Amino acid sequence: MTAILELRKVSKTYGEGAAEVHALVDVDLAVGDGELVAIMGPSGSGKSTLLTMAGTLEEPSGGEVLIGGVATAGMSRNDRARIRRRSVGYVFQDFNLLAGLTAAENVALPLELDGVSAKTAHRAALSAMRQLDIEAKADRFPDELSGGERQRAAIARSIVGDRNLLLADEPTGALDSVNGEAVMRMLRNACQAGIAGVIVTHDAQLASWADRVVFLRDGRIVDQTAPPLEPESLLVPRT
Amino acid sequence: MSVRHALLALLSEGPKYGLQLRQEFEARTGEVWPLNVGQVYTTLQRLERDGLVESDGADDESPQKGFRITAAGDEELVGWLHTPGDIGAPPRDELVIKVLIALTLPDLDVQDVIQVHRRHLIESMQQYTRLKADAEDDVSLALVIDAELFRLDAAVRWLDTAASRAKRRTRTSGGRPAPRSARAARSVEAAR
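These protein sequence lines are chains X and S, in that order. For the record, in the first sequence the residue sitting at position 201 is 201 according to this note's numbering, with numbers rising by one throughout. For the record, in the second sequence the residue sitting at position 153 is 153 according to this note's numbering, with numbers rising by one throughout.
The set of hints was computed from the structure by calculation and includes no laboratory data. Accuracy of the hints is not assured; some may be wrong.
Just a few of them, taken from the derived set where beta-carbon distance is under 7 Å, the chain X residues facing chain S [to be verified]: (1) H22; (2) F92; (3) S208; (4) V213; (5) D223; (6) T225; (7) P227.
It should be emphasised that the depicted structure is a prediction, and the values quoted were computed from it without experimental measurement. Heads up, the beta-carbon is just placed ideally off N, CA and C, and yes, glycines get one too.
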């Protein structure tokens, strides 16, 4: 397993003096291809900050972030923006689909912004939508889709093309538990197909879809779950 | 309720007399978990036999007999608080007891105790979820697993709430919990 995302001693401090807040402190985290990691922690523990650092949306105050083995600190703004467009997919709580574009156009958008021809981008979009079983809704507009379908389109957009890092902040939003589970199943399948995934959630049932759960407290990683055991023993009748 | 560990918790605050232990035990937990008084003395004798407490050697039945915790007793107490219970049985009661006791110990980080249990519960949830993930079309299996997941999830949420309350208490009082009124304790007991 290769580390797609690596945080080395990453710290983030906001404000100065008495107002100084240490949002992240010496965070070490490596996520390999095929691995889905969930970050859990109470409000204000640094979960969302960790995700913005991982997506190079903000620069750390200390330490370094590597994506695909390449340190992002020395890069120009343009190079970082290119990494975000090409390698990193985001899934947001409120889906963030553009209302004036069809589902397929929304999914193709990151590729088109990156200069890929409309035709090639559309083909890639349909392929991503097929993976999420939503190809039939390609020509519908967001307001013609159900909540679950919208989130599937948003996930298709986050994995379209050759993206290898998927970052998700409370990705099931306000979906009910069965639809939320379907979203987690898709994220898990997308990761197993060779993407590194990081999701931030406060929901233990969603986090339990991850291969590994990392616990944050006051900006520090304090604990993580052990590698999985064989599940067969679970349903043996209790004595 | 584990009388044995509750007594160790009281003694971890400093040496105490047998009578004092009985009164403090009742004051702190007796309203919620009623206790047979004889149990205190039997348990103290067993703790002493096991080397977890020491006494000043006074007459066995004297209420003025003093007890103190040993290093082995300290170790036993901290080990018990950090040991995940059998989550096959309803997990909340044991969790509640452990977190309540952990809150009363000044030198123990209750957040660490909570995290041990949280991780253990979530590791179980991961196992169930994997089972569900591999059996996508089996509705009955999914329902059985969902029932377990919701049960474990409720315990995790309770731990999250406990962690948040404990943190708030540390911020506002910087110290020990306020004494619980007997009336509040009785209503808890009535609700059980």
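Structure-based check of all given hints:
Interface restraint check for X/H22: the shortest CB-CB distance to chain S comes to about 16 Å, outside 7 Å, so the restraint is violated. Given the 7 Å rule on beta carbons, the hint for X/F92 is violated: about 23 Å separates it from the nearest Cβ of chain S. Contact between X/S208 and chain S, as hinted, is supported at the beta carbon level, the nearest pair being about 4 Å apart and thus within 7 Å. For X/V213, the shortest C-beta to C-beta distance to chain S is roughly 5 Å, which falls under 7 Å, so the interface hint holds.
Contact between X/D223 and chain S, as hinted, is supported at the beta carbon level, the nearest pair being about 5 Å apart and thus within 7 Å. Satisfaction of the interface hint for X/T225 is found here, the shortest Cβ-Cβ separation to chain S being roughly 5 Å, below the 7 Å cut-off. Because the closest C-beta pair between X/P227 and chain S is about 10 Å apart, greater than 7 Å, the hint is violated.
Hint check: violations occur at hints 1, 2, 7; the rest are consistent with the structure.
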